[in-house]
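Trainee: So the protein lines, in turn, are chains H and X. Going left to right, the first sequence walks through residues 1 to 296 as the working numbering numbers them. Going left to right, the second sequence walks through residues 1 to 1107 as the working numbering numbers them.
None of these hints come from the bench; they were simulated from the model. These numbers were taken from a predicted model, which means no experiment stands behind them. Do not take every clue at face value.
Claimed, not checked - Here are the simulated EDC-like cross-link-like pairs (lysine to aspartate or glutamate), alpha carbons at most 20 Å apart as the crow flies:
id	chain 1	residue 1	chain 2	residue 2
1	H	K180	X	D339
2	H	K180	X	D153
3	H	K180	X	E161
4	X	K559	X	D800
5	X	K684	X	E874
6	X	K297	X	E233
7	X	K543	X	D672
Stated by the list, open to error - Below, a sample of chain X positions facing chain H; criterion: calculated Cβ distance under 8 Å:
id	residue
8	C24
9	W144
10	L156
11	Q337
What the hints assert, rightly or not - Far from chain X by the CB rule (all over 12 Å, computed), these chain H residues:
id	residue
12	L32
13	T44
14	G57
15	W100
16	F105
17	L106
18	Q140
19	T220
Beta carbons are placed, not taken as given, at the ideal position from N, Cα and C, and that holds for glycine.
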Amino acid sequence: MSFERQANQINSMTVKKGLITAAGDRERRIPLQTLVDSDGTARTVLAMLVNEMAAAGIEDIGIVIPVGQSEEFQATVAAAPARVQLFEQREARGYAGALWTARDFLAGQPFLHLVGDHVYVPGRDQRLAGQLVAIATQRQCSVSAVQPTHESQLTRFGVIGGRPVADQIGLYHVDAVAEKPTPTAAEQSLIVGGLRAGHYLAFFGMHVWTPAVLELLAETMRGAAPVSEALHRLSARERYLAWNAPGHRYDLGPRYGLLQAQLALGLSGDDREEVLAALVGLIATHGHSTSERRPS
Amino acid sequence: MSRLVAIITAPDAATRDQEMAPICERSTVAELSAECEALEQFRRQSGNLYERVRALFFLAAIHRYHLPPKLAVDSSGRVPYAGHEHLLERRFEEAIAEFAQAAKQQGPSEPVSMALAAAYRGLAFQTLADQVRYSVRSLRGNQWMFRMGHVLDYPLQIRPELLAVTDGRFPVLVESTPVRMDLSHSAWSDIFFLGMDYPEGARVVNVSVDLCVRGTAARPQPPIQTFLRVIDEPVLRLVSVDLAAQVELTEMQEVFDFGRDYLGLIKAAIIASGLIPAGLEGSGQSLAALLARLTGKPGHGLEISSAVHNIPKGSRLAVSTNLLASLIAVAMRATRQIDSLNGGLAEAERRLVAARAILGEWIGGSGGGWQDSGGVWPGIKLIEGATANEGDPEFGISRGRLLPQHRVLGLDAVPAETRQRLQDSLVLVHGGMAQDVGPILEMVTERYLLRLQPEWQSRQQARRIVDDILGSLHIGDLQNTGRILQSNYEGPIQSIIPWAGNYYTDSLIAQMQQQFGRRFWGFWMLGGMAGGGMGFVFHPEVKAQAQDALWSVMRATKKRLEPAVPFGMDPVVYDFAINENGTWAQLRTGAEALLTPGYYALRLPSLIRRELRTLSAGQRAELGGVAQATLDQPAFSGIANALIEQMLPRQQSGPAEQERALDDLLAQHGFDREQHEHIRAELKSGRVGLAQNVLPRSTSIEDVRPSEVTDSRSGLAAKYRTLGEAALGRGEVGVLTLAGGAGSRWTGGAGVVKALHPFCRMAGAYRTFLEIHLAKSRRTQRDWGRSVPHIFTTSYLTQDPIAAHLEHHAHYGYPPEQLYLSPGRSIGLRLIPTARDLRFLWEQTPQQTLDQQKQKVRESGRAALLGWAQQAGEATDYRDNLPTQCVHPVGHWYEFPNLLLNGVLHQVLQQSPQLKHLLLHNVDTLGADLDPSVLGLHLARGSALSVEVIARSAEDRGGGLARVDGRLRLVEGLAMPDERLEFELSYYNSGTMWLDIDRLLAVFGLDRTTLADSAKVTRAVRRLAARMPTYITIKDAKKRWGRGQEDVYPVSQFEKIWGDMTALSEVDAQYLVVTRRRGQQLKQVAQLDGWLRDGSAAYVEGLGEWP
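Build the full structure now, drawing on both the sequences and the hints.
Mentor: As structure tokens, then:
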């Protein structure tokens, strides 16, 4: 990218486009799962993500989906509060391939990106994606939401190394990005001051990226972890920040991932009392381990 | 300000590198005491690690070497027992406080000063070891392993490639690793402490090499291979092919139990690699759950195995560190801590593996230099110390980092032709000697921190030698390289540590020089000391011839020396090649997913014996794979034969022959079966044993009064000298040297003849104990013009070697008619100890605690030995070793009676009827001589025994001179009812006594005329023997196996002690206090350096007349 173009883009960065990746093997069914949202309404995961984007001011949303599932996906976003386009991922090139599929749609503009197998529960009332977009707009650069994550969980995420931004708590300059690092590697290059021992800043599945990311992705596409590598290069090429998001992300992929997400949504919303009562009841009935149970 | 503190804190190197000794030598006792106080204050206040440690070494040196000579020779002081206890338990600060308090109360004295020296030295080394432990644990990349303590937090996963089953089998990840040899280590600058304090002086040129023992393989290969694979059983299976050991671990705690089997090194690697993080020790977590999480497959586990091809222990090629590194690398690859599954490593990965290998060595309780994992890197490299910078855990603590930096030398630095020439000129060998390098490394550290001159100059010279070697390699001048390497060995290395060389090595060098003249280009010491792995550089034309020559010369020299020098194995000659890859991995899949034939020879018998249906799918698939390999892979063609050998063992001829030889040995040397069975029965019933050795608690044991001993330390009246000189002039005095023992503490139970060990250079040549004693007698002969009969008592172990040795050396020029050997007439058969005695020894006897990890390893080993004793049968005969290791001398009480029984005393008196007195001493009491003044004192009093005692220092353990129930006598340490009592005794038994022959014969009920009556003599000896107490002791016996491997077993034996003669009412004994130089015994090799540095060696040298 030329300096002039970069300067223009930085001076005028507004985020109106969004991209959701929902074509991965393990994501194949997850975005279409229905959960009860914190407002008590049953929605698909995808609909929640689209709502999150729309609330962040995104006007055009692209969704990368598996081949042959347009109808199902279309149905779930029919009532979306923004323009939605679906892109079938024809080449099996993983997460990077999904991003690459939407390159024309993104057309050299900054964009908000959410992954299709996560649900986000904000810590306070304000929506997380909206806050992220605000930061990116204010700071005129790429910003990825991150969350302190224990080293035993690192093999599931991209992880950043960085240093705090002087004037704002919770913001970090990104110096390095590594894909699913072992704690051995994390300890050597990804330690960030101010975190608990054994914790690192792992991606939240929510980013605002400048077009440079896709340009770099073109260079790293053949590597083992093209997206993380592209982001690593991004950190050397332009200002790239990480934001310690005050909410929680729930990865729906692992065993009981959906259950945890549902409980989190329930406990953070209008039906909290009801969910809590149900939980207590469950614990009272099934709380003993098998070996401790006595015949009644 | 203190002059010594000023040296430590000086900003300029010239002042800082000053030696302390000249200042100490010029100081008075008061000034030295003031310096000690200043140093003590300084070391407590300084925040800098090396300032503290250097101050501690200064304090140790003052108390060990500089203060005692300035004190009055008869200054006496008592070492407080509480301080001694602290010292044993490694509570050094508390020990120092106790000893300092004693010095304050009693005034300065040699014993308390020596105790302080030991405590300061211990604290200095502990501080350094703590720093290494801290550094290695706080290295980034290592910390997480220490903080995780629950399986749910376990972060590693096996790579999917290792889980891809083909034909029922999992892939095998193989790591092949070369070993390393150092062209120079700049005078042991690879010791962590040196590199961390003096990074600019830490430089090593190090080459990765492939090896094979000459004549056993077609071409050199990486000698280390390690393997990792997933298995369909929920266990951690560890296999060492070369040690023929295997174990399946099912409990987490077993991974942390290092001493129970031969697989401690693999366990250490598993922990250091993070596979089982160190934080899980003692967590009670389930190993199966961890393995399930690691593999992602419940019911599955891992197998990790190693094979070291034909490289014996003690090779000085850092086999164990590189094996550790190889295991760590393979485990890190498997868990994605290293990127690639095939090929070499990136530089950052090599550094991480090296750091983890250091961690593994600490975990396993072993140690090595920082360059030892050089085999991980390719080719030839320069490894140098690195300055600690901000962000390093060492920053602000030490000048250098724990981990050095490696610069692999390219073809521009060492051209390809030079590499070829090096391979064409160098003959690499293992001389076969078994040695412990540990004490040498401690000596180096101490000397470095004291900046002893000229050692410091030699260190500078060694630094320059690295440049000379690199220059010489650059231009391809191997002849010059050989010359430099030899000058390094003869110059800086031996000037810093004389003990790095030895007689065996010098003898090999001389023989090569003689055989090959100018075509022998030089000798190269590998590793910490000579005698094991070594290099000889020759003109390429004669290399093959030199390989043959070295092989036969080493074998012949070993054969000549092995009765005296501990050899671990037969010497070998290697073929080698420079390895330009470093450690290298390969993922074997499908039909290739096999381990080595040696592995299957070890593993298959247990599988084949099981019913097919009880085997797992993976095991069945593997059997099929091996069957196929025997058909189409030449390397596997011998497996069938090996299996038959394993499963249908032929009647082995070895053990039966060994049994016969043992029976013959017992028969020849007067084994008393009846007495043996009696002792066994007593031992079994608990009537005798370690706990029963002691005197009854009601016994009164008190220190002697000053008036009860004669102190000779400040000189004796001239009349005594006159008396002594007259007796010497009349030829009335001879020497009786006790040389029957195996010197078990000298070699850690190796069972060699201590008297013949050429352990030290004296008057320009290596000298044996035996030769030194003869040199003293020769001097007496010269001074008084009368011959001195010199008798060496021998035993089953020492008689033949001593006779042959004297013959070979023409009796060292001593008149043969005055030289006698008194062969032993008693022998015992060792017993497997009772668990009761082992527990008493390990739990109730105060013992030196080791550093944390080493102590853990020791305790785990002891649990295994207890199991061995119970399984093998408590108090049964110990026969599972070489015959000479199964028998034992029965204590030196028998030495004098043997003289009567074997007729030697009779013969001596026939030849020298004027002989009236004998000086009896142990072979290791080198300062004992026929001093006319001391002799005069013995004569003046007219006692049967004049016993020489020395002022007790903390290291003098084993009884002493006491008033026991009112009688003045020597009392054995074994008989002391309370350890504390020993510390109340001022004097320690030096083992040296003057005997009045006629009075002593009278005690036996004999005289000169009845000596020829063997029946009468036998009755007399038996009668007195029955009155002597019998002690049970536990000694170490080494058992050698494999290629230079050795195990040490505790064995029970009994002894009668000569000192107990002083308890007999009819024996009139007097006690003379002599100087430490005269009375100290050299029991352990670790004493040698202090003995040399404090002037004792020079004192002994001055006593002799040298041929």
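Trainee: Are there hints from earlier that the structure breaks, and if so, what are their numbers?
Mentor: As far as the earlier hints go, 7 and 8 are violated by this structure, in ascending order.
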